[in-house]
Amino acid sequence: MFCFSKIIRGCGVCVCSIAILCCFGAVAVNVANTSSDYTLASSHLSQNSLSTAVDSPINYDSSIADTFFIGTSVNLGGLFAVHLPDEDANGKTTCGILNEKSGLWIEGMLYAIDNVNKRDDMLPGVIIHGVIKDDCSDPNHALEQALSFLDDEEDTCCKDCKVPVPMIGVVGTGSSVTSTAVADLLGLFQVPQISYSATSEMLSDKKRFPFFLRTVASDINQAQVMADLAVYFDWNYVAIIHTKDDYGTPAAETLTAELKNLNVCIASLHEITRHSTDREIRHIISDLKDQTQVKVIFTFCLKHDISRILKEAVKQDMTGRTWVASDAWSNSDQVMRGKESVVKGMLGIVPKAGSDDQFISYLAQLKPDNNARNFWYRDTLQAGFKCSYMPSGPNIRKCHGNETFAEMVQGKMEAGWTAFVIDAVYAFAYGLHGYLECNYGNGEGKCNISKLSEHNSSAFLDDIKNVSFNGISTGGKKFYFQNDEPLANYAIYNLQVFGERSNFSEVGSWSPSSGLTLKEANIRWSTGSFPPMSRCSQDCYPGNYKVIKSPSCCWTCEPCEDNSVSSVVNSLSCDVCHDWEKSNPNQTQCIDLPLEYPSMSHPIIIVLNIITTIGLLATAIVFYIFVKHRMTPIVKATSVELSYCLLICIALCYANTFLILQKPSDGTCSAVVVMVGISFAAYVGTLLTKTNRIARIFNRKLSAGSPSFLAIKYQMLMIGGIVGLQTIIQVLWVWIEPGHMIFVRRDDYVQLECKYGSYAGPTITVGYVTILAMSCSYLAFRIRKLPGQFNDSKSIFFTMLTTCLIWCTFFPAYFASGNKWRLIVCSLAMIFNATVALSCVFIPKLWIILFRPERNRRESTLNLKEANKIHMNTPRNSITQNIISSSSCHADEDNSFDRILDDEETFQKRLEELQEELANAESEKTVTLSRVEELKIILEELEKACDTIHVL
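Its first residue numbered 1, the sequence shown is counted upward by one per residue in this note's numbering.
Calculated from the structure, these hints are not laboratory results. Check the hints yourself; a few may be wrong.
[Said to hold, decoys possible] Cβ-Cβ distance ranges computed for the label pairs, FRET-style:
1) D86 <-> N522: 32 to 42 Å
2) D317 <-> D592: 51 to 61 Å
3) F530 <-> N466: 48 to 58 Å
4) H275 <-> P210: 29 to 39 Å
[Said to hold, decoys possible] Each computed DSS-like pair below joins lysine-lysine, with the alpha-carbon atoms no more than 27 Å apart:
5) K519 <-> K339
6) K519 <-> K546
7) K465 <-> K206
8) K519 <-> K549
9) K386 <-> K206
Note that beta-carbon positions come from the ideal geometry of N, C-alpha and C, so glycine has one too.
Can you make the complete structure from the sequences, with help from the hints?
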């Protein structure tokens with residue numbers, strides 16, 4: 001597992017060469033930004049190594065080594081970007097720029113190794129030694145250093161034997177580009193690798209990188225944070241700059257997809273490589289300056305790449321933009337230095353990490369002159385504090401000698417990465433502790449050291465993946481790998497500039513569970529107190545709507561049309577106001593128009609209600625009087641039951657007025673047509689039944705016998721049939737075409753009306769009632785001259801005549817008026833109908849009952865003086881004519897005729913007797929006439945004989 005050099009030498013030089021070539025082939029794509037003309041080390045760097053025991057530091061000269069070793073037993077490799085790429089005078093890339101925080105990260109690894117080795121309960125009997133190298137943040141150089149780890153096993157042996165020291169894994173690298181290259185190589189030899197700051201989501205591919213782990217979350221989460229920032233501040237038109245490598249390209253693609261899903265447009269997408277010319281850099285900044293609407297720039301760039309961008313932005317004075325930085329440079333004061341005018345107000349996304357007070361105390365004890373095991377310590381201190389321990393000129397500040405990295409850790413900045421370095425070492429230690437089956441008890445412990453030679457890398461990797469401990473990066477909470485990745489947790493930093501002083505201030509956080517949390521009041525923007533407006537077009541305020549152009553984040557604002565509104569910002573359309581509404585002057589809200597409908601407080605409605613109430617009271621009084629005097633001749637002569645039924649119909653006609661004048665609704669609209677139709681059909685049907693009964697009694701031939709179905713039950717069945725048919729028609733109409741309340745827009749008000757479907761229903765209903773009314777009018781006209789108190793026919797005829805005139809007037813007036821007046825016209829028609837019927841049919845009889853009781857006798861129920869005026873259409877003489885004639889010839893029978901008028905049945909019986917007598921009289925008359933004719937003939941013959949005799 002761990003003796004990699006033996007594996008290589010055991011397979012032979014050819015196999016080793018092929019393996020190495022395969023490694024370089026696998027990372028060829030990843031190091032596309034490098035070329036054969038790179039100078040991998042400056043003149044003061046070499047491949048010499050220096051070994052140092054953790055507990056026995058020694059002094060050394062940093063100018064003769066770029067690697068140092070610590071102790072024996074098992075080795076843990078470390079790759080750190082101590083130097084950053086730079087270009088020399090010939091334009092070639094060299095490792096010459098010192099990364100001032102690298103010394104701090106190295107101290108973090110050494111501190112973690114010290115803690116592990118000091119613990120009795122951790123890896124008893126096993127000591128971890130660190131082998132730390134400078135990868136120069138360059139893929140090619142990182143590969144060389146990673147390959148050297150494999151050869152170092154043969155060179156690093158026990159003092160008393162030739163057994164190589166096993167290499168258990170590598171901590172690093174810090175860059176996604178170099179980590180991708182190293183992971184390809186180490187994965188080939190099954191060497192576990194844990195990076196502390198490589199965040200490319202490409203490294204999450206476990207098929208390609210099975211032995212790669214990291215203590216920091218993937219860039220896919222940073223892309224989500226940036227997208228959430230865009231949504232939070234309503235940025236919908238942004239630019240993206242990214243490094244064209246394994247770090248920047250996947251992250252930019254993920255961010256682009258996230259922004260598009262949120263309808264955020266990308267005004268421009270710029271790529272930069274290490275070989276981008278100054279002209280290309282100038283073009284990027286010029287393009288961004290021309291895009292005046294773009295106020296926010298998202299970046300996924302490495303430090304040396306973004307430094308070139310920012311330098312050019314300073315040259316072109318591109319201020320007033322907000323930069324959103326990924327973790328590669330988000331809190332790097334080294335990158336920001338001298339560029340504050342451009343980057344002030346920027347937001348940086350940094351993996352959130354806790355701090356370790358013991359580590360700060362450890363750093364505080366380190367002095368530049370007593371830290372021999374980290375020969376980059378002094379150089380990075382000088383760079384970090386901008387001083388020199390041996391200044392070469394008057395403008396260089398001399399260091400005091402008491403500088404430590406403790407101050408940087410307390411001030412955060414890039415020191416936060418140290419926590420991830422420490423947790424990476426702890427992960428290796430806990431994983432090895434589990435793999436070696438170490439146990440500790442009673443002050444003693446031991447590990448199964450023999451497993452170091454089993455070469456079971458997969459089992460060791462599984463033990464690393466299953467570790468769980470109180471991590472520094474998690475703020476003392478449990479650290480563990482979830483699906484081979486740590487949990488994402490970010491801090492949002494804001495670069496705040498105060499004159500010549502600047503600092504990073506934490507203004508928010510993000511986690512998958514709680515999302516984005518910001519202290520917006522603490523943010524100092526480059527544009528002032530308010531967040532930048534990074535939008536292609538300004539908001540369309542209420543009263544306007546957006547007309548989308550290309551790209552979709554650009555639009556024009558158009559005012560809403562008449563009677564339409566928009567009440568929200570950036571509305572895509574205007575909502576048309578309802579029929580009962582109109583838009584306010586700003587077209588931001590629909591306001592209700594005044595409603596016009598019959599109000600109970602309207603004077604006309606009050607008058608109609610009073611009249612209706614009086615009519616109902618009058619009907620009730622008449623009903624009461626008729627019930628009280630129901631045994632009197634004048635009431636009995638008018639068919640008591642039919643009179644009751646007619647009074648109820650009259651009351652219904654009055655009551656319909658209240659329903660008609662109600663505020664229209666779907667229910668009342670349907671109820672009105674049903675109740676008006678049924679009540680009017682009952683009203684006319686009752687009059688028709690009453691008229692038909694009288695006509696059948698007095699308008700028949702002598703030979704016809706007694707009329708059938710004159711009993712009151714049959715008359716009520718006739719009324720029920722008429723009303724039932726009308727009810728069926730009305731119910732079917734409402735069921736098929738129910739009435740609906742509608743709002744009819746007028747100039748400055750809304751009128752409530754009832755709307756019905758087709759005209760089929762009303763036509764059938766009106767036609768049916770019209771047939772009933774015409775039939776009743778015709779019969780009433782024919783029997784209008786009946787004698788005595790049977791002259792109800794006159795009242796009925798006048799009532800139906802008046803009803804027809806009312807409705808002939810009603811229809812033109814109804815359709816010519818507005819809805820409010822239509823309801824009033826309809827109400828008046830119902831009131832007039834009811835009043836006419838009440839006045840014509842019942843008032844005369846009330847006059848006799850109340851004021852002329854002497855006429856309410858049997859003798860008064862038939863007026864014989866009118867006998868000579870009666871004329872009915874019988875072949876010769878009507879039944880009534882003969883009755884009266886018989887009464888004239890037989891004066892003794894007059895009184896008996898009057899007496900039989902007590903009720904209609906007695907009258908009918910007596911009428912039949914008189915008819916029989918009349919028939920007998922007719923027979924005698926015929927015989928007498930025949931005898932007269934015979935006598936006439938005889939007389940004529942006698943006269944002729946007399947004439948003959950006289951002649952003679």
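Each hint, compared with the structure:
1. D86 <-> N522: 32 to 42 Å: holds, 36 Å
2. D317 <-> D592: 51 to 61 Å: holds, 56 Å
3. F530 <-> N466: 48 to 58 Å: Because 49 Å falls inside the window, the suggested range holds.
4. H275 <-> P210: 29 to 39 Å: Cβ of H275 to Cβ of P210: about 32 Å, so the range 29 to 39 Å holds.
5. K519 <-> K339: The given pair, whose Cα atoms are some 25 Å apart, holds under the 27 Å limit.
6. K519 <-> K546: violated, 32 Å
7. K465 <-> K206: With a Cα-Cα distance of about 13 Å, the restraint between K465 and K206 holds, given a limit of 27 Å.
8. K519 <-> K549: violated, 35 Å
9. K386 <-> K206: violated, 42 Å
In summary, the structure is inconsistent with hints 6, 8 and 9 from the numbered list given earlier, while agreeing with the others.
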